[in-house]
Each structure stands twice: as structure tokens, then as C-alpha cells.
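Taken in order, these protein sequences are the chains called B and U.
Just so you know, we're using UniProt numbering here: the first sequence kicks off at 1 and counts up by one.
Just so you know, we're using UniProt numbering here: the second sequence kicks off at 1 and counts up by one.
Among these hints, one or two may not hold up.
[Unchecked claim] Each pair of labels, with its calculated beta carbon distance range:
#: 1; chain 1: B; residue 1: 35; chain 2: U; residue 2: 118; range: 26 to 36 Å
#: 2; chain 1: B; residue 1: 132; chain 2: U; residue 2: 180; range: 35 to 45 Å
#: 3; chain 1: U; residue 1: 231; chain 2: B; residue 2: 30; range: 57 to 67 Å
#: 4; chain 1: B; residue 1: 10; chain 2: U; residue 2: 229; range: 51 to 61 Å
Since the hints were made in silico from the structure, they are not lab data.
The structure presented is a predicted model; accordingly, all values stated were derived computationally and were not measured.
We put the beta carbon where it would ideally sit given N, CA and C, even for glycine.
Below, each chain spelled out in residue letters.
2 protein chains.
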Amino acid sequence: MRSRQRVTLESVAAHAKVSRQTVSNAINAPDVVKPETLARVLDSIAELGYQPSRAARQLRTRRSQILGYALGPVTYSVYGTIGDRFVHGLAQAAQERGYRIMLFAASNDDEEIVQFDELLSGADLDGFVLTNTHHDDPRTTWLTERDVPFVTFGRPWDAEHGTHPWVDVDGAAGTAAATRHLHELGHTRIAYLGWPHGSGVGDDRRSGWSSTMAELGLNADERWQETTDNATEHAEVAAARLLRRVGPSAVVCVSDTVGLGVMQAAESQGRRVAVTGFDDSAVSYVAGMTTLAQPIAEAARRALALVLRQIGVEPGGTAARNELLPPELIVRRTSIRPDPLSGTVGS
Amino acid sequence: MRSRQRVTLESVAAHAKVSRQTVSNAINAPDVVKPETLARVLDSIAELGYQPSRAARQLRTRRSQILGYALGPVTYSVYGTIGDRFVHGLAQAAQERGYRIMLFAASNDDEEIVQFDELLSGADLDGFVLTNTHHDDPRTTWLTERDVPFVTFGRPWDAEHGTHPWVDVDGAAGTAAATRHLHELGHTRIAYLGWPHGSGVGDDRRSGWSSTMAELGLNADERWQETTDNATEHAEVAAARLLRRVGPSAVVCVSDTVGLGVMQAAESQGRRVAVTGFDDSAVSYVAGMTTLAQPIAEAARRALALVLRQIGVEPGGTAARNELLPPELIVRRTSIRPDPLSGTVGS
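Chain B on its own, in the form it takes in the complex (with noise of 0.2 Å):
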């Protein structure tokens, strides 16, 4: 077992035969270092082939070349993972910038605020990125206050929080894409399963389908529509509601989790129903159903593009930038054409 030998400070020193503050000198205020001498330490520095370590460089640039980024707890959670997707996706768009992401943890908006203040403090961060933005986000408030550099992924969902730069997935788009789909399929009876009023990212989804079903001169009224929280059991009695009232042939979902509540309900009752989800979750590739991909990876890539122009290191000025990016149609086995025998128009 050989150990690593790391080419310090000191030995750089010693070789040239001057003292440690010297060759610190040399390489943070050169102009301070008699000329002969500052020429021997760095003949020294490329002899020995020393690179200043992060911290010393940081010292001298004052910028740590890293991002705050935090996490939850462990959860068990079938609510998918575009969250642990995305920071694979940071995590490798920072390292071809050169940047590193540091992760600490919080778990709910006041943790990460308290973080975002000691680390700030301590480590030296360039700046944050935030996922999960909802109404009333504190934490955005915070950071803008402070004038520290950070994008969301996730727009804000308040007007007054809008000042910042962000990158987000088009909901809207969508589930206009789905619904479209569905009736290029031949469905008119397109019915919708959502989340309860409020949630940003609910009343986005939501509305990408009642437009695209008032373009298409089709019923989208109160009647169409049932809310129902993620959890697939809560989903399927909503479902089953919506199916009995309606009859519709294609539901339109606000998640995967909410649709496999969805086709659960309609093998209850014997109904060919044809179901679009969203997220392109594990549990929608097990189950076949035809949802929507975020792109993630192509999100993270632009959202570390965004906070480098906040840091200044990225060309195209400081001024906050916004990404909307589309998501992408998955068609799987959900996507049945309608019964003949029952496809009516309208209600």
C-alpha cells in the first residue's frame, strides 16, 4: 500500500527555498514578490506540478465553484422521483462547468432557509438550486432579498415572486398533448382527473386540458372533471365517480398514480376507458399507460445555465431568464381507441 504523495504549500516552499507565505504570495499577490524570487517559486510550482487546492483558489477568486442543492428525508414515496432525476442531471451539467453540487438537507421551506444561511456563512457557496416552488415559496423571497444567485426548477406560482431565473416543464402543453391524442384516437367523451384547486402545478395540468377541449368545441364543464390527492386508492373512488357520472372513454390524469387509480376503477366496473398520466413513472411503464416524459436532464442543463449567468460566469448578462419546456408524449397500451358502439358525441 503506497500512499498518495500530494504536492503541498510546504513542499513547494521548500524546493524553492523560500518560506510558506512566499509562495502563497506568489500565487495570490505576485505583485508583492521580489521578481527573482517570484520566477524561482513558480519555476518550483511547475517543476513539482502543484495545483493549489480548491480552498486556496477559492480564497483568492472568492468564488467556491459550488452549488447549494437540498434534500428531503429518506421517504417512501410512489409519487415519482423527478426530483432525484433532476439532480443526476445537475449533478453532471455542473461538472462539464466545472462546478460541483453540494447537497445538505431540509425538509420542509424553513429548514432550507436555515441552511441557505449557514452555508452561506460558512461554505462559501456560489449560489442554490431550488426545485418544489409552490404558492407563497418564502425561500425565493429570502435569497432575492440577499441578492445570492439561484434558479428554481419550478416557476413561482405568485406574480410577486417573479423576479427570478427558472426552468420548468409546460403541464399545460402537456396535457393539450394528451388530449389531443386522445381525440385523434377518436375520442370526443375526454374527461379529467385532477388534483384539487390551488397547487400551481395541478391548475397548470388541468388547464392544458380544458382549453385544448374548448379548441376542439368539446364538453369540458364541471360535470367532466373530479379532484382526488395522489394517493392511487383516493384516486379510484374518485374515478369511479367520474366514470358512473359521465361515461367517459378516455380520462385525462393529472399523474401516473392518479391514473393507475383510474384504470383500476374502470376494471371495477368493466369499462374500456383509455388513460393518459404524467411523469413517465415506473409505475406507468408497469402498467402500460401513455403519459408524459419531463425533460429532465435537458431542465437540469439549462437551469445550471441560468444560475452561472446569475454568478456572472456565463455570458448573456445577470438578468433573470425563464425556460418553459415541453414535455413529451409516451404513448403505451392506455391509449385505446373508443367503442364504437358507444362513442357519442358530447353529453
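Starting from the known structure of chain B, arrange chain U on it as the hints suggest.
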């Protein structure tokens, strides 16, 4: 918008009416500072609430309090998210001990080693946490040869790589518990569907079933086993063969996705078959499949303690230690009793 007021080395120096170097000496080499000057600088530090930055502390202590962790690229996978759940636990455990996790990107062993080298040269990490250990793993050899502190989540699968600290989940104990559970329900015709021979994790999980079957005096010869890769559609084909060949009343499976293949094959053939999976994934939850949950948060906590011991900041010495944690049996709807009419013993 107000700017964040940070107390710096410079502002302490100005307040104490000394040079920046003197403040630095007061923090890092107090014995070279005159006592009355030292007292004045320490008073200014206290009054202004100055916190030496992480970079400054790091130059002083030679410890960054940062651990490296590799993430692969964004992939679409239904094969569970154990690694993603582990990193949540790791971030939490590290934070509780004043450590942070720095992510880097690597899509294979060679890329991970390139990053080890780069991070050790430039980023001053204290150590690494590795996942996905496998036969002939070059990463652990590379780190061991360089005396770099690290821990693996996943045991070394070759004897010659067995000298480093690791934490793992006891796969054999898990499948043994599943086999005993099925036996307690009345099953005696218990088959096994696993991965091809040669993978450490797969062979370990198979051994728990075969040794328990032997203890119970039940048949576990080659006819009662099939192998498949982890794709549900391939598992379904292998399961169909296994069900026709020996007509088991229960199948212990190496993973949830393989278990789903058994459920689908049983349904196609109109058979009632109890099924157990492994990993407590979203797929198992949705399918109502009995499975084995890995204690991820606990594994992360113990992995952190072991790497801190290697670094020398945790009591207990730097000798490598290992922790093998049992998974927990999660009983769901696929834990059916055998059909009394076809419940013959053995084959």
C-alpha cells in the same frame, strides 16, 4: 433589496486596526501574535460575529468536512431507486455531523476513478462514499492503494477486496425471511426466480431461499429455480416456464420487477401463486406485492459513521468495520395461502 452584510477577514482587521495577515495569524497561528494584539483581534471577532469561512478553516485544519458521492446520468429505470434513497439519508446523516456531501457525475467505474483523482487534487475532500459494489471493483482498490478514507454501501464481493469498511443489507436474511413467511402461510412448493449466477447481490439473495428450504426439508433443486434479467417482460417468460414445470404455490423473487413478471405469468395461466419481491419499490406498492424493505436511512447513518472513523474524527479507531443490516418483510396482498385442494407436499 438589501445586500447581505458579511463579516470578512478585512472587516475584522479594520475593526481591530491590524493587518489582514495578523487576523489570519490570530486564527491559525495564535502563538505568533503578541498577546495584547491577539486579545484585541479576538474581541473584534466576537464583537462583529465573524465566522472564519469553510475555506479558511480548511486551510487551517486540513479537513474540508466534505465527502464525495458519485451519481450516474439521468436514466429511465424501473429498477428501484435504492441509490437515490440512500443519498437522501446520507445528506441528512452528514449534516447532523457537520459534514456535507459533494456530488460528482460518473457513469462507470473508470469515470468515477478519474473524478476521485481530480477531486483529491483540487477539491480537498475528506473521503468518499461509494455504492453499487460488484465483482472486480477497481474503485475500492484504487482508493485503498492511496490511503483515501472511504466506505461502501454494498459489501466487497471478492475476498481480496475485503479490507475496507462497508455497510450492506443482508439479502440472504431477507429471502430467508420471505421463505419462512410463505412456509408459515402453509406453502411447501416454494420456487425461486432470480438473476443469472455470478452477481454478488443475486447469488446472496438466492442463497437465503435455498438454505431455508434445506432447513425446512423442502425441495430446492435446479428444477425449482429459474433465472432472468431484471426486465419484467423477461421475468414473465421465465416465470411461465417455472410455473408450468413444477407448479409452485409460491415464488420468492430476487426483486420487485421480477416479482411483477411472476404475477403477470400466474394471471396469464390462471394460477393462484403467492409472490414475494425485494426492495419495497413503488412497483411493489402499486402491485400489492409482499416485499423486503432495505433500511436505507439506517444504512446511510452507519456508512457515515464508518467513513468518519476512517478520517479519524469518530472514536473507535480507523480499523475497517462492517455492518450487515437485515431488511424488513412488508406483507401485502400477494401473501396468499396455498389452495387447499392442490396443496401436496414436495414434488
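Point to revise | Range hint compliance [Cβ, residue 10 of chain B to residue 229 of chain U, 51 to 61 Å] | key: 53 Å, holds
Point to revise | Hint check for residue 30 of chain B and residue 231 of chain U - Cβ pair distance inside 57 to 67 Å | key: 60 Å, holds
Exercise for review: With respect to the beta-carbon atoms only, verify the hint that residue 132 of chain B and residue 180 of chain U lie 35 to 45 Å apart.
Suggested key: Holds: the Cβ-Cβ distance is about 41 Å, inside 35 to 45 Å.
Check your understanding: Measuring from beta carbon to beta carbon, are residue 35 of chain B and residue 118 of chain U in 26 to 36 Å?
Key -> 33 Å, holds
Figure legend: structure checked against the earlier numbered hints; every hint is met.
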